[in-house]
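Could you build all of it, start to finish, from the sequences and the hints given here?
Order-wise, the sequence lines are chains H and R.
Residue numbering for the first sequence is 1 to 214, as defined by UniProt numbering.
Residue numbering for the second sequence is 1 to 214, as defined by UniProt numbering.
Worth double-checking, as some hints may not be accurate.
Unchecked claim - From the structure, some residues in chain H lie toward chain R, with a derived Cβ separation under 10 Å: (1) Tyr65; (2) Leu108; (3) Pro187; (4) Asp198.
Since the hints were made in silico from the structure, they are not lab data.
Think of the CB as a built atom: it goes at the ideal place given N, C-alpha and C, for glycine as much as any other residue.
2 protein chains.
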Amino acid sequence: MAGGPLKDVEHLHTDTATVRPGGRTARVGEAVIDATLSELSEVGYAALRVDAVAQRAGVNKTTIYRRWGNKVGLVSTALIERRGQLTPPADTGSLRGDLVELLKEIRLGLKVPWVAVLLREAGPRTAASADLYELLDMFWPARFKVSRVIFERALERGELPAGTDPDFLLEMISGPLYFHWLMLGHPLDDAFLDRVADFILHGAQASPPSTDRR
Amino acid sequence: MAGGPLKDVEHLHTDTATVRPGGRTARVGEAVIDATLSELSEVGYAALRVDAVAQRAGVNKTTIYRRWGNKVGLVSTALIERRGQLTPPADTGSLRGDLVELLKEIRLGLKVPWVAVLLREAGPRTAASADLYELLDMFWPARFKVSRVIFERALERGELPAGTDPDFLLEMISGPLYFHWLMLGHPLDDAFLDRVADFILHGAQASPPSTDRR
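The following block contains the structure:
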């Protein structure tokens, strides 16, 4: 199956969006996404087969290819719908409060079985991981876009210096949680999240605008 | 093979340390460690067999069991000798300079094939990963101990507030590199390392003593 470009997948999405919500198309969509994530939990991305997803969802595999294009299109849709297009983090009124909410959201994500499986398959970007990165390159921008809003709010409130780069802050905030949980194998308790939130808050407020460093 | 406690492994080390360096014992030790890391690169930790290491090193497997106790003892020795007991980071005279040196050292580590393989096998601490964590729980303290020295120097120079927790800072500095490289698949270029160093510097200098948050 040739890898279809993102544009094609979006085009297919637009077509299905014309079908009324709650109808058969929506039900099939949910069933296929559930089946995709179950397969992902069990076998990971590299070993995932569209046939197995189709069988699990009780649909014909041509239905999947027609709607999602290919394996990358299918799995990226599942990821983005279930982890990428989350509700924006709660507006607590302060950057520190919003950071804690975001850290809790990242913690929740790390405990989702198919997220853990997928992250274990990631790694340096190599020829062997190109297929997985085609997927991750669609996922991360969606995930970052939703999270970015807390820094935009903080900028409006004057809690962050002008020129702050939200995506860099998102890496600074996500990295320690991934490291603590996946590399050190330590629990992500509230006390740790609080310490990370404080550190990010001070680092972000004290840092010069990121554009100076580029 | 029953898992021998760390104490036994250390005891065995002490015994071999009485043999003069550069002799047959030292040569066998180097050959076995090289073979262990090669096997690790190829098959990972879970699938690594002491038999295969012995064959590769051209030694009898009873030699390995006698000297390193078991698979955990063997692999942890290899890891600690080759990645844990590194020379302490260069003393550049400033915390920012030392941070950049440390970040470069972490970057080097992430590109070692057997490190990458091992990190991919890590993950949440579960019953299934207990054996790997027996190993990582020996490795990380050795690694952190060597790196901690740069924060001790900065404390002496008055560049960090009293009560700073070096191990927390090490997580804050390592996490973003792991995330950038292993999760996002982005290159670890010097510009990124500089930005991380600046952020950590400002965060660490502005943060209240970590003991307040415990």
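Hints breached by this structure: Violated: hints 1 and 2.
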